[in-house]
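Student: Those protein sequences? They're chains A and B, same order as listed. Its first residue numbered 1, the first sequence is counted upward by one per residue in my numbering. Its first residue numbered 1, the second sequence is counted upward by one per residue in my numbering.
Everything hinted at is true.
Each pair may be met inside one copy or between any two copies, as identical chains are not told apart.
In silico DSS-like pairs for lysine-lysine, Cα to Cα no more than 27 Å straight-line:
1) 16 x 156
2) 156 x 227
3) 227 x 91
4) 27 x 321
5) 321 x 91
6) 227 x 27
7) 156 x 321
No lab work stands behind these hints: they were computed from the structure.
There are 2 protein chains.
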Amino acid sequence: MNNNITSLGYTVFFEKELESLQEFINKGNYSQILILVDRNTNDHCLPVLQAALPELVDYDIIEVDPGEENKNIDFCIGVWNTMLDFGADRKALMLNLGGGVVTDMGGFAASTFKRGIDFVQIPTTLLSQVDASVGGKTGIDLGNLKNIIGTFTQPKAVFISSAFLQTLDARQMRSGFAEVIKHGLIFDKDLFEQCKTLDYEEDELDAIVHRSVAIKNEVITQDPTEKGLRKILNFGHTIGHAIEGHSLVTDSNPLLHGEAIAIGMICEAYISHKVNGLSIEALGEIVSLFTSRYERYEFDASIYATLIDLMRNDKKNEQQKLGFALLSAIGTCDYDRFVEEDLIKESLDFYLASAVL
Amino acid sequence: MNNNITSLGYTVFFEKELESLQEFINKGNYSQILILVDRNTNDHCLPVLQAALPELVDYDIIEVDPGEENKNIDFCIGVWNTMLDFGADRKALMLNLGGGVVTDMGGFAASTFKRGIDFVQIPTTLLSQVDASVGGKTGIDLGNLKNIIGTFTQPKAVFISSAFLQTLDARQMRSGFAEVIKHGLIFDKDLFEQCKTLDYEEDELDAIVHRSVAIKNEVITQDPTEKGLRKILNFGHTIGHAIEGHSLVTDSNPLLHGEAIAIGMICEAYISHKVNGLSIEALGEIVSLFTSRYERYEFDASIYATLIDLMRNDKKNEQQKLGFALLSAIGTCDYDRFVEEDLIKESLDFYLASAVL
Numbered sequence: 001m002n003n004n005i006t007s008l009g010y011t012v013f014f015e016k017e018l019e020s021l022q023e024f025i026n027k028g029n030y031s032q033i034l035i036l037v038d039r040n041t042n043d044h045c046l047p048v049l050q051a052a053l054p055e056l057v058d059y060d061i062i063e064v065d066p067g068e069e070n071k072n073i074d075f076c077i078g079v080w081n082t083m084l085d086f087g088a089d090r091k092a093l094m095l096n097l098g099g100g101v102v103t104d105m106g107g108f109a110a111s112t113f114k115r116g117i118d119f120v121q122i123p124t125t126l127l128s129q130v131d132a133s134v135g136g137k138t139g140i141d142l143g144n145l146k147n148i149i150g151t152f153t154q155p156k157a158v159f160i161s162s163a164f165l166q167t168l169d170a171r172q173m174r175s176g177f178a179e180v181i182k183h184g185l186i187f188d189k190d191l192f193e194q195c196k197t198l199d200y201e202e203d204e205l206d207a208i209v210h211r212s213v214a215i216k217n218e219v220i221t222q223d224p225t226e227k228g229l230r231k232i233l234n235f236g237h238t239i240g241h242a243i244e245g246h247s248l249v250t251d252s253n254p255l256l257h258g259e260a261i262a263i264g265m266i267c268e269a270y271i272s273h274k275v276n277g278l279s280i281e282a283l284g285e286i287v288s289l290f291t292s293r294y295e296r297y298e299f300d301a302s303i304y305a306t307l308i309d310l311m312r313n314d315k316k317n318e319q320q321k322l323g324f325a326l327l328s329a330i331g332t333c334d335y336d337r338f339v340e341e342d343l344i345k346e347s348l349d350f351y352l353a354s355a356v357l
Numbered sequence: 001m002n003n004n005i006t007s008l009g010y011t012v013f014f015e016k017e018l019e020s021l022q023e024f025i026n027k028g029n030y031s032q033i034l035i036l037v038d039r040n041t042n043d044h045c046l047p048v049l050q051a052a053l054p055e056l057v058d059y060d061i062i063e064v065d066p067g068e069e070n071k072n073i074d075f076c077i078g079v080w081n082t083m084l085d086f087g088a089d090r091k092a093l094m095l096n097l098g099g100g101v102v103t104d105m106g107g108f109a110a111s112t113f114k115r116g117i118d119f120v121q122i123p124t125t126l127l128s129q130v131d132a133s134v135g136g137k138t139g140i141d142l143g144n145l146k147n148i149i150g151t152f153t154q155p156k157a158v159f160i161s162s163a164f165l166q167t168l169d170a171r172q173m174r175s176g177f178a179e180v181i182k183h184g185l186i187f188d189k190d191l192f193e194q195c196k197t198l199d200y201e202e203d204e205l206d207a208i209v210h211r212s213v214a215i216k217n218e219v220i221t222q223d224p225t226e227k228g229l230r231k232i233l234n235f236g237h238t239i240g241h242a243i244e245g246h247s248l249v250t251d252s253n254p255l256l257h258g259e260a261i262a263i264g265m266i267c268e269a270y271i272s273h274k275v276n277g278l279s280i281e282a283l284g285e286i287v288s289l290f291t292s293r294y295e296r297y298e299f300d301a302s303i304y305a306t307l308i309d310l311m312r313n314d315k316k317n318e319q320q321k322l323g324f325a326l327l328s329a330i331g332t333c334d335y336d337r338f339v340e341e342d343l344i345k346e347s348l349d350f351y352l353a354s355a356v357l
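All chains, please: the whole structure from these sequences, using the hints.
Tutor: As C-alpha cells, then:
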C-alpha cells in the first residue's frame with residue numbers, strides 16, 4: 001500500500017527501506033550528494049541509507065555532534081565551511097540524516113548556502129519524524145533561544161522509515177511520543193485515546209507516526225508561514241521551550257525536547273482550563289497520561305522570572321504579550337490567546353504539585 | 001511625475017524626500033520599527049529619514065561598522081542579538097539605511113530572524129541603489145567568499161533618494177558607477193554611450209539610476225532565482241569578486257566592489273572577445289572607458305592561483321567548471337559560458353597590460 005503524503009510541493013515517503021530514494025536522486029541530475037549526519041546516525045542509520053542507494057558511489061559526509069546544545073550558529077558555520085571545502089555548488093543535494101538537530105540545522109544550512117540548495121529530510125528519531133518532517137521550518141538556536149534564527153524552506157522530499165526507530169532508546173522514544181500526544185490533543189481525540197495504551201509495538205507505532213504526520217500536514221498546508229491556524233502546533237511549546245532553554249544551559253544532562261514539551265503541555269492545559277473552557281475532567285486525563293509516562297522534573301519558583309524572560313522572546317508573541325495556543329477540549333485548540341504572567345506562574349505551581357499526585 | 005518601478009511584489013519608490021515612507025509604515029500595522037545603519041549613514045542619512053517620518057516617535061537603532069570586511073557572520077550575530085535585546089517580534093519592521101553592507105546583511109538578518117520579518121531597503125550609495133535595490137538577494141560573506149551565505153527574500157518596499165548621493169565621496173561614486181556601466185554593457189548600448197560623458201550632474205544621475213534599476217528589474221523579474229537569464233548580471237563578477245575577495249584580506253585599504261568589478265569587466269570583455277564574438281573595436285571602447293575612469297590596481301601573476309581558487313567557489317559554477325556571463329556585443333550578454341583556466345590567466349595579463357595603455 002502506498003500511503004505517501006503530499007505536502008507543500010513535495011512528497012513524504014513512508015518506506016522502511018527508502019525504496020524510492022535512489023530514483024528520486026537519479027531524477028534530480030545533481031552535481032554532488034552531501035550527507036549530513038551526527039555521530040549516532042553515522043553509525044546506526046547511514047548503513048540503511050547506503051543499502052538503499054546501490055548506485056551512489058561518490059558522496060561526501062558531513063558529521064556534526066549530536067545534541068540540541070550543538071544546534072547553534074558555530075556548528076552551522078562549520079557545516080557551511082565543510083560544504084565549501086567539498087566544493088559544493090548550487091546543484092548539490094543535501095541529505096539530512098538524523099534527528100531534529102540534523103534536519104533543522106541541515107535545512108537551514110542548505111537553504112542559505114549560495115542562497116539555497118536542494119535538500120531532503122530523512123528524520124531518524126520519532127520526534128523528528130512526527131514533528132520536523134513537514135512544515136518547512138529550518139532553524140538554529142542562538143544562546144538559549146530555540147530556533148530563533150531560521151527560514152521557511154520546503155525540502156524536495158521527506159523519507160520516513162520505521163527501521164530507524166529501532167535504534168532509539170526508551171528516553172528518545174518518550175521524547176518523540178510527546179509530540180504525538182500533542183497532535184491528538186490539538187486535533188484528534190481518537191489519537192489521544194490510542195496514546196493512553198501505546199506500548200511502542202511496531203505496527204501500532206507505524207500507524208501513529210503516519211497519523212501524526214497527516215495531522216501536522218493538514219494544519220501546515222492551510223497556513224504555511226504561521227499567520228494563523230498553524231499556531232495550534234505550538235500547544236505546550238510557549239512554556240515548554242522556556243523550560244527546555246533553561247535546562248540546556250543549567251543541566252548537565254538537559255531535558256530532551258519532548259520531555260520539556262510534556263511539562264509545557266501540563267502547564268498549558270491548566271491555563272486552558274482556567275481561561276479557555278477546558279473541562280476539569282479533560283485536564284485530569286491529560287495530567288494523568290503525562291505523569292504516568294514522564295519523570296518529574298525538579299525546579300522551584302526561583303527560576304520563574306528566568307522562564308518568563310525566555311518566553312518573552314518566543315516567536316509567537318506580539319507587542320510584548322505572551323501568546324499561547326490553548327485547548328478548549330481534547331482534540332480542539334485555539335490560538336492567539338494572550339495570558340498574564342501571574343497565571344503562567346500559577347500553571348508552573350500546578351505542574352510542581354501535579355507531578356507528585 | 002510618478003516614475004516608481006514595480007518589482008517582485010513590491011514598489012521601488014524614487015523620492016528625494018522619501019515622501020511615501022510614512023504612509024507605507026502606517027499601513028503595515030507594525031509592532032516596532034528597527035533601523036539598521038552604519039556609522040556614516042547614522043550621521044549623514046538618518047536625519048533625512050527622521051524628517052520624512054514626523055509621526056515616528058519610537059524606534060530602535062542598530063549600528064554596524066561600515067565596510068565590506070564587516071559584512072560577515074560575526075556582525076550578523078551581533079545584529080540578531082541586538083534585535084532580541086530590543087524585544088523585536090515577528091511583526092517588527094526593519095529599515096535598512098545604508099550601502100550594500102547594510103542592505104545585504106540587514107536583509108539576511110531580517111529574512112532569518114524568527115524565520116523572517118518584513119524589511120524595507122533604503123540604499124544610500126550609488127552602488128546599492130543601482131545594484132542591491134531590486135532582486136531580493138540578501139547575503140553575508142564567509143571568510144573571503146563574497147555573499148556565499150544568504151537567501152532570496154524580497155523586501156516590502158525600496159526607497160531611492162538622490163539626496164543620499166550628495167553624501168558620497170568621488171571614490172564611492174566611481175564604485176557605484178561601475179554597475180551602471182555594466183547594465184549598459186549587458187543590456188543597453190545607449191546607456192553605455194551615456195556613461196562615456198557622465199559627470200555626475202544631479203538630473204543626469206537621476207535618469208541613469210532610474211534606467212539602471214529598470215534594466216535590472218526587467219532581468220530579475222524574468223528569472224527571480226537565477227536559473228538562467230539573471231546570470232548576465234554577473235558580467236565582470238566572476239573575476240571581479242575574486243579580486244575583491246583577495247583585496248579584502250590582503251590590502252590595508254581594500255578595493256571597493258565597483259572598483260574590483262571594473263577590473264573584472266576588462267578581463268571578461270577580453271574573454272568575450274576571445275571566445276564569444278565581441279569585436280576588437282568594442283573591446284577597445286570598453287577598456288578605454290574603464291581605464292580613463294578607474295585607477296590601475298597593482299598585482300602580478302603570483303596571485304593568479306589564489307584568484308582561480310576563489311573563483312572555484314563562485315556561486316555560478318557547476319560541476320567544477322568556471323561559469324561566466326560574456327558579451328557578444330555592447331548591449332548583449334550570454335550566460336553559462338564555461339572558460340578554461342589558461343584563458344582566465346591570459347585575461348588577467350591583458351588587464352595588467354591594458355591599464356598602462
